[in-house]
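Colleague: One line per chain: the protein sequences are A and B, in this order. My numbering puts the first sequence at residues 1 to 144. My numbering puts the second sequence at residues 1 to 153.
One or more hints might be untrue.
Cross-link-like lysine-lysine pairs, in silico, PhoX-like; alpha carbons within 20 angstroms at most [unchecked claim]:
1) B/Lys132 <-> A/Lys96
2) A/Lys96 <-> A/Lys128
3) A/Lys128 <-> B/Lys110
Now the stretches of chain A that chain B is said to cover, found in silico as 3 or more residues with beta-carbon under 8 angstroms [said to hold, decoys possible]:
4) 4 to 13
5) 25 to 31
6) 43 to 52
7) 72 to 78
8) 105 to 118
The set of hints was computed from the structure by calculation and includes no laboratory data. Fair warning: this is a prediction, and the values are worked out from it, not measured in the lab. Backbone N, C-alpha and C define an ideal beta-carbon position, used for all residues, glycine too.
Letter by letter, the chains look like this.
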Amino acid sequence: MATDRTAEVTWHGDLMSGSGRVDSVTSGAIGGLDVDWRARSEDAESKTSPEELIAAAHATCFSMALSHGLAQAGHPATELKTSATVSFQPGEGITKIALQVTGNVPGMSQDDFRQAAETAKESCPVSKALAGVPEMTLDARLQG
Amino acid sequence: MPRVQREATVTWEGNVARGSGAISAATGAFEELPYSLASRVETPDGKTSPEELLAAAHAACYAMSLAGELAGAGTAPDHLDVHATVTLDQVEDGSHRIVASELLARARVKEIDADTLNRLAASASAGCPFTKLIEASATVTVNATLEGESDGD
Chain A
1 MATDRTAEVT WHGDLMSGSG RVDSVTSGAI GGLDVDWRAR SEDAESKTSP EELIAAAHAT
61 CFSMALSHGL AQAGHPATEL KTSATVSFQP GEGITKIALQ VTGNVPGMSQ DDFRQAAETA
121 KESCPVSKAL AGVPEMTLDA RLQG
Chain B
1 MPRVQREATV TWEGNVARGS GAISAATGAF EELPYSLASR VETPDGKTSP EELLAAAHAA
61 CYAMSLAGEL AGAGTAPDHL DVHATVTLDQ VEDGSHRIVA SELLARARVK EIDADTLNRL
121 AASASAGCPF TKLIEASATV TVNATLEGES DGD
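Model the full assembly from the supplied sequences, consistent with the hints where possible.
Modeller: Right under this line is the structure:
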């Protein structure tokens, strides 16, 4: 079954001096987020940007895929902490995504954890959708 | 222009079916957004999902790109409304794939005709970095209309 999720954005004025807002999304989880070009390409000043939302989407998707892989391998995670950093070069596009994950996974070796994380990075739908990003890195380690 | 980095952090607890996560943005624009498998593929119930965040990213990216195209043509918009709908679907091998992102734009712009708007709307999608990327997996469609415009007759 296909699942749709919609977001609504309003923009006023031109690109350089105008401003916009992510008004609402299907779930209602976010809304009223300001966006503008300066915040996107220079100092964020507490404003989000397409690249930050992509980072959030990728970290989210990766964490789910990894938790699934670990449970299937008989080692469900107690906790996973993932960060995604998206690099944006204005005029060129998104040049790199760096994923970093720390896991609390009872009874698992570092090597197996790294392998599971690599598989999650390859298989999660957002990774596939972003396969055109020139560089995608992964740093996976177990806690403690 | 220097390279820009934007970071988000997710904490996940438990397995995929019954576990849950929380998403925070490094800028502080949003914090501890809850999400789960159910919110991703069933009823959102107030929780976000990767695809919803991609829809927000695409709408935000496209709105900026369209504002840039319109301003470049000498017709900066008074107001743009952009909706992006991202579709996640199960494909033949049983895996999930992001198959579509549909952009709907409504523009309030002085002195522009529908043909010019359509042309700029298409080049705005081509120029939006996110469109270029997601086309690896999804079909991107663009539909732009002028707000409050009579047909000019």
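Colleague: Tell me if the straight-line CA distance from A/Lys128 to B/Lys110 falls inside 20 angstroms.
Modeller: The hint is violated at about 40 angstroms.
Colleague: Can you take a look at whether the region 105 to 118 of chain A is actually covered by chain B? Rule is 3+ residues, C-beta closer than 8 angstroms.
Modeller: violated (count 0)
Colleague: Does the region 25 to 31 of chain A contain three or more residues whose Cβ lies closer than 8 angstroms to a Cβ of chain B?
Modeller: Held - the region 25 to 31 of chain A has 6 residues with a Cβ nearer than 8 angstroms to chain B, which meets the minimum of three.
Colleague: Using C-beta distances, would you say chain B covers the region 4 to 13 of chain A, given that this needs three or more residues below 8 angstroms?
Modeller: With 10 residues close enough to chain B, the hint holds.
Colleague: Using a Cβ cutoff of 8 angstroms, are there at least 3 residues of the region 43 to 52 of chain A near chain B, or does the coverage claim fail?
Modeller: holds (count 9)
Colleague: Do the alpha carbons of B/Lys132 and A/Lys96 lie within 20 angstroms of each other, as the hint requires?
Modeller: Given that 20 angstroms is the threshold and the Cα spacing comes to 14 angstroms, the pair holds.
Colleague: Would you check the hint for A/Lys96 and A/Lys128, treating anything up to 20 angstroms between C-alpha atoms as holding?
Modeller: Satisfied, since the Cα-Cα distance of roughly 14 angstroms is no more than 20 angstroms.
Colleague: Against chain B, does the region 72 to 78 of chain A show at least 3 residues with beta-carbon separation below 8 angstroms?
Modeller: holds (count 3)
Violated hints, in rising order: 3 and 8; the structure is consistent with all others.
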